[in-house]
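S.K.: With the numbering used here applied, the sequence shown closes on residue 165, and no number is skipped along the way.
What the hints contain is simulated information worked out from the structure, not anything from laboratory work.
Take the hints with a grain of salt, since some may be wrong.
To be verified - Straight line, CA to CA, 25 Å or less: simulated SDA-like cross-link-like pairs of lysine to any residue:
no. : residue 1 : residue 2
1   : LYS67     : TRP98
2   : LYS67     : VAL51
3   : LYS165    : GLU146
4   : LYS67     : THR50
Predicted, not measured: the structure shown is a model, and the values here were computed from it.
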Amino acid sequence: MNSSSQQRLALVYPGLSDLIFQLSTLCLQEGFAITVMQGLRTVEEQDALYAQGRTTPGKIVTNAQGGHSWHNFGLAVDCAPVEPDGSIDWNAEHPQSKTMERLGVSIGLTSGANWIRIVDAPHFQLTGRFSENAPDDEVRQLYAAGGLQAVWDEVSK
9 MNSSSQQRLA LVYPGLSDLI FQLSTLCLQE GFAITVMQGL RTVEEQDALY
59 AQGRTTPGKI VTNAQGGHSW HNFGLAVDCA PVEPDGSIDW NAEHPQSKTM
109 ERLGVSIGLT SGANWIRIVD APHFQLTGRF SENAPDDEVR QLYAAGGLQA
159 VWDEVSK
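Let's have the full structure, built from the sequences with the hints guiding it.
M.R.: Structure follows, in structure tokens:
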């Protein structure tokens, strides 16, 4: 896995990071590499993504405002297959993307490829005892009281 991916994984929940490293190994065994394009996002970064296609130019890519994405709590990452020339393959229907999704789910990750409202094929999350849906008031309150570590301490309970 490239150094940018490793740096992004260093900022997310360690259990998620471990599973993404495992996913990377499984994908390599299938003949292709993956990269982590996104990990932890600030509320401001999330709000900017939410504005895209609504109040700023671009395609709508999320229904989650700041504080309502698992990325804001270090419990989600976006991954993509890497082509032999180093380019990123964003085609969600590509066999490598489908293999990545299948392998991710097989090791316990939730894949955004299975969502209905906005399919988010590169998205993987690990929310533990929390709902797979958007973070709720409990998660935001935990974060406000104790930061990421307070949320992460609750994930495995």
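S.K.: Taking the numbered hints from earlier one at a time, note which ones the structure violates and give those numbers from smallest to largest.
M.R.: No hint contradicted; all consistent.
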